[in-house]
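The number in our numbering is simply the position in the sequence shown, starting from 1, with 50 added.
The set of hints was computed from the structure by calculation and includes no laboratory data. Here the structure is a predicted model, which is why all the values come from computation and not from measurement. Any given hint could be a false lead.
Here are the simulated distance ranges between beta carbons [to be verified]:
| hint | residue 1 | residue 2 | range |
| --- | --- | --- | --- |
| 1 | R69 | L131 | 25 to 35 Å |
| 2 | D68 | D130 | 20 to 30 Å |
| 3 | L94 | R69 | 13 to 23 Å |
| 4 | L97 | E137 | 11 to 21 Å |
| 5 | D68 | K139 | 17 to 27 Å |
| 6 | K81 | A109 | 32 to 42 Å |
| 7 | D130 | E77 | 36 to 46 Å |
| 8 | S84 | L131 | 33 to 43 Å |
| 9 | E77 | E107 | 27 to 37 Å |
Heads up, the beta-carbon is just placed ideally off N, CA and C, and yes, glycines get one too.
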Amino acid sequence: MSEVINPEVYTVERLLEDREKRVLISEIVLKLASSLGVTVEELLKYLEWKENLEKLEKAEKEKAVEGLEVEEPTEDAPEDLSELLIEVKEDVRKWLEIERKLRAMGLEL
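Construct all of the structure, not just a fragment, from the sequences and the given hints.
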């Protein structure tokens, strides 16, 4: 199974159609997560976050998103909102740590 995969020929969707390649991709994701010291779920959440961040940056550049500001909750804000903000900040901290580890490994996704 040492076949080289040409990215110009194989898309992710096409690779996932082939059971052997799907297993190979799963093993790669598992080993990458293990190398980073995170779970596969955390790695996948990081990848989703990264993709969404890139989409947001693109939308901001195209001025598709105007007037959207994220502010710290005020004292009047519901307690759930403050807890949610803390949780989101913790998630972002984890994802930035994953990104730092990827860069240290010479990988950029």
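Results for each hint:
1. R69 x L131: 25 to 35 Å: The hint (25 to 35 Å, Cβ to Cβ) is violated, given that R69 and L131 are roughly 45 Å apart.
2. D68 x D130: 20 to 30 Å: 45 Å, violated
3. L94 x R69: 13 to 23 Å: 20 Å, holds
4. L97 x E137: 11 to 21 Å: Since the Cβ atoms of L97 and E137 sit about 19 Å apart, the hinted range of 11 to 21 Å holds.
5. D68 x K139: 17 to 27 Å: Check failed, 40 Å falls outside 17 to 27 Å.
6. K81 x A109: 32 to 42 Å: 34 Å, holds
7. D130 x E77: 36 to 46 Å: 40 Å, holds
8. S84 x L131: 33 to 43 Å: 35 Å, holds
9. E77 x E107: 27 to 37 Å: 32 Å, holds
When held up to the earlier numbered hints, the structure conflicts with 1, 2 and 5 and fits the remainder.
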